[in-house]
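**Q** So the sequence lines, in the order shown, correspond to chains R and H.
Counting from 43, one number per residue, gives the positions in the first sequence under my numbering.
Counting from 818, one number per residue, gives the positions in the second sequence under my numbering.
Worth flagging that the hints you see were computed from the coordinates, not collected in a lab.
There may be inaccurate statements among the hints.
Claimed, not checked - Some chain R residues flagged as far from chain H (calculated, every beta-carbon gap over 12 Å):
(1) Met-43
(2) Arg-80
(3) Glu-102
(4) Asn-113
(5) Ala-129
What the hints assert, rightly or not - Covered stretches of chain R, as calculated for chain H (at least 3 residues, CB under 8 Å):
(6) 49 to 62
(7) 71 to 77
(8) 116 to 126
(9) 140 to 147
(10) 154 to 164
Unchecked claim - Computed far set for chain H versus chain R, every beta-carbon distance over 10 Å:
(11) Arg-824
(12) Asp-849
(13) Arg-865
(14) Arg-889
(15) Asp-908
(16) Ala-911
(17) Ala-946
All residues carry an ideal CB built from backbone N, CA and C; glycine is no exception.
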Amino acid sequence: MRYDSDSLSAALAPAGELARDFDAVWERIWRQDHVPPRTLELCRLRLAVLHGATAEAGRERAVEPDPQRRNAVRDGGYARDARFDDAERAALAFTEVYAQDPAAIDDALADAVKRHHGEAGLVCLIEALGFIDARIRLAMMISAMTGEDAQ
Amino acid sequence: MSSSGPRVGAPARSSGHVMRDSSLGLATQLIDALVQLNGSVWRRNDVRPALIEMLRLRNARTVNCVFCKSVRYDVARADGLTEETVELIDDGFATSTLGEVEKTVLGFADAYLRNPGVFAPELLARLRAHFSSAQICQMAIALATFSASSRCAVALGGMPEALPVMEMSLPPA
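Work out the full structure, taking the sequences as your base and the hints as a guide.
**A** This is the structure in structure tokens:
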């Protein structure tokens, strides 16, 4: 089976209570209001593309209903697309650098996120990116372990 | 590093809990679940603490989180993890004097950290020879949690150039 960040839960179920605690963080990320879940969904799609995780990038969550916006994130055209607001662009710009190297994030990128979402929003975005990244990696790895082409 | 200081502050009120009193505590709607998970990777895990600590340190060194690299959990030391062994958790681990189980655990970490879309059949066979399905899933979750945490610490800025090794107890559940 080819897993993604959501279907991964079934693969990790043998871990028992630890798997439930891992999933609880995932569920909280999508229900908090420090950063709009719709923005996080755009970041998830962008991270998937940057990982080369095609199964993940192809997964569509209802929180982002606009297929043109999803495609603009997938092909990188969002930066010049009027369908995205400044807060979304700031989060996506942060995501681009986070994916390559968190140490390369500079104060300007962080300040742009804080302008829209405050300090709590920046912390939440960074935590969310950490677990999105982690679940994409795990889904790719477990797919590979079960003999599927993860990419 | 691209910042001279931390990019966010900390909660105004101290709780005495190391995670809740850090910047992470600002995200009030996530912190409870994060505290629970960070305890569970040690407490709800059937894998020896020394091996979990090796996963954590391999991740810390790969992500280059100075805070994470400096910490040694007391439960891992009590389980027999020495500084001599910790020194071997570098890029040459595969040809080091580490045992077969330790090399398998570190190979698992590297698969996740470096190229998760490819998993060598030989590594998978060794993993299955030494660990149950439940343990493999528990190590995967521990590694993912450590990775998210260390990348978070780096992204929040204010990372010092170096820190001395310091022993820590698990935070209260």
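**Q** A separate judgement is required for each hint: does it hold in the structure or not?
**A** Here is what the structure says about each hint:
no., hint, result
1, Met-43, "holds (14 Å)"
2, Arg-80, "holds (16 Å)"
3, Glu-102, "holds (21 Å)"
4, Asn-113, "holds (23 Å)"
5, Ala-129, "holds (17 Å)"
6, 49 to 62, "holds (count 9)"
7, 71 to 77, "holds (count 5)"
8, 116 to 126, "violated (count 0)"
9, 140 to 147, "holds (count 5)"
10, 154 to 164, "holds (count 4)"
11, Arg-824, "violated (4 Å)"
12, Asp-849, "violated (8 Å)"
13, Arg-865, "holds (15 Å)"
14, Arg-889, "holds (22 Å)"
15, Asp-908, "holds (18 Å)"
16, Ala-911, "holds (18 Å)"
17, Ala-946, "holds (14 Å)"
Hint violations for this structure: numbers 8, 11 and 12, all remaining hints satisfied.
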